[in-house]
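Put chain W with the ligands on the given structure of chain U with help from the hints.
Chain residues, written in single-letter form:
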Amino acid sequence: MKQWIAFWNILLKDMRAYYLKPPNISWGLIFPIAWTGMFFIRSGRGLDSILELLPGVVTISVLFGTTSMLAVTVTFEKKSRSFERLLLAPIPLELLMFAKTGGAILFGVTNAFVPIILAAFLADLSSVDWLVVFPTIVLLAFASTFLGLFIAVSVSEVFEAQTFSNFVRFPMIFLCGLFFPVSDLPMFLRPLSYLFPVTYGVDILHGAVRQENTLPLGLDFLIIAAFCVALFAMSLKNIHRKWIV
Amino acid sequence: MTKQFGDVTAVNDISFSVYQGELFGFLGPNGAGKTTTINILIGLARPGAGSIRLGGLDCSRNPKAAQHLIGVVPDESNLYPELTGFDNLCFCAALYGIGKQERRTRARELLETFGLAEAADRRFAGYSKGMKRKLTIAAGIIHRPQVLFLDEPTTGIDVASARQIRQLIADLHRTGTTIFLTTHYIEEAERLCDRIAFIVSGHIVRVDTVGNLLQPVQGRHRLMMTTTNAGADLHESLVSAFPQFIFEPVADGQMRVTSVAPIRVGPLVRFLEDQGVEVVEARRLQPSLEEVFVQVTGIEALAMMQNNRDKGRSA
Ligand SMILES: Nc1ncnc2c1ncn2[C@@H]1O[C@H](COP(=O)(O)OP(=O)(O)OP(=O)(O)O)[C@@H](O)[C@H]1O
Ligand SMILES: [Mg+2]
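Chains as they are written, first to last, in this note's numbering: chain U, 19 to 263; chain W, 22 to 336.
No lab work stands behind these hints: they were computed from the structure. Treat the hints with care, since some could be wrong.
[Stated by the list, open to error] Below, computed lysine-lysine pairings styled on PhoX-like, alpha-carbon distance capped at 20 Å:
no. : chain 1 : residue 1 : chain 2 : residue 2
1   : W       : 85        : U       : 20
2   : W       : 85        : U       : 255
3   : U       : 97        : W       : 153
4   : U       : 260       : W       : 85
5   : U       : 260       : U       : 97
In isolation and in its complexed conformation, chain U is listed as follows (with noise of 0.2 Å):
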């Protein structure tokens, strides 16, 4: 009960303090939106391409979301001290840092819904299959939160978690399947799609919206969620080994 009530307040703390602030509101939405609009007038097939692109839009919008905001939560206060006030609480550390990541998990998964329900108004998504689409969106805020906490703990400076995360993101989004399938990428780079859980994300979503997937789902779920957990120990061993020194 009692390390409830800290998870609990940690929680709430980030999300008053960060989360539901008017600019990062208003880079939630803006941003999917943006991606979206991009993306549409890109193709220039009209309102037909918008179920091709909804997984796409849906990945970047929770990968944006998520990722950058550990470098506020986490790498910011662990640099300004106050971090040091959580780790002397008499909570684990896995509950601590499921505390701080939990915000970012619930802001990747409220962004995902922007372009869902932009599309909601421009497309049928009537064969769009939700069963799946919601626990991928999960798994994959999950899985990009993780990836963000992974970076936020490997590093000391703000700046520092903000470059070093899109030197992953931004070949992330097109290695990964996004906007042009995996097996239309040059031989060589192939490999280097299957390293990122955001690959097998997008493969779902794609089976989900369109059945176009690669893998086998289950598979596709499996290996997101060893993505998670590996990410979630390395970050708690990074703080174990870098931080309480």
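Positioned in the frame of chain U, the structure of chain W with the ligands alone reads:
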């Protein structure tokens, strides 16, 4: 325990116990290893070698084992600048699993005690240095810890606030909290602590009660005399006239007189006036921990500490 950072041995094979309810002082100059010691004890740093027990719990392996028992006031305020004083305190209480109603009551109570009630709803970022330090102390004790770690609580704070903070520490001590306090103010340690460890360059050179530490200087009597018109040969004539006293020039026109027997001021003043020297002031010196510190650690350590203190004052 021992702790190394690369080539630097911050803490070198130190060992001590702090008893329940005690106010234990860790006195030493900058870089002596005070903060490093605290960080190891509270679980923010790993000892290179050694073992730690807190409240009967073994923390050497699991630094989290005793974290529910302790409160920490770091050397720099590390509360959330964007939250108000009140919200900061409530948040810190929540970290220890204190329920909402109790959190709020306790936060108000502490804001009142620390004279911050007026500033309760202002953002922490806008607090003055002294207010920040007070709120940081309040945050450290909001969950009523059994053991409190205070890292230089009065450094860089004006005299009035420092006095107030010392009073609060004394009050906490009276109510039974075990306190581990680091400082580089000798008078502060002497006034507040039950026992003191002198730490210099990572070594503990002495641990004892204030009474025992003062013992060697206790039997001595000392006088500080301020004079004008003193000639160059004054020292010599004093030594021959009063062989039972030790005379040490301290500064221009100032002389310290030390003796094992009580010093009678009358004959001394009369002698000086006969020599044409005017005695402006003669003041009895209380035996102080400063002397002991110099004896035990050497004058360099004292100079280092006084240097910090002056910097602290001008800052
Ligand atoms: N994280 C670190 N990395 C490298 N060296 C360190 C680290 N922390 C402390 N040190 C070194 O260990 C020694 C002891 O430092 P510490 O901060 O414990 O001193 P202190 O007694 O608290 O001094 P102060 O009065 O200035 O706070 C110093 O030489 C310091 O440079
Ligand atoms: Mg220090």
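Results of checking the hints against the structure:
no., hint, in the structure
1, W/85 - U/20, "holds (15 Å)"
2, W/85 - U/255, "holds (15 Å)"
3, U/97 - W/153, "holds (18 Å)"
4, U/260 - W/85, "holds (17 Å)"
5, U/260 - U/97, "holds (13 Å)"
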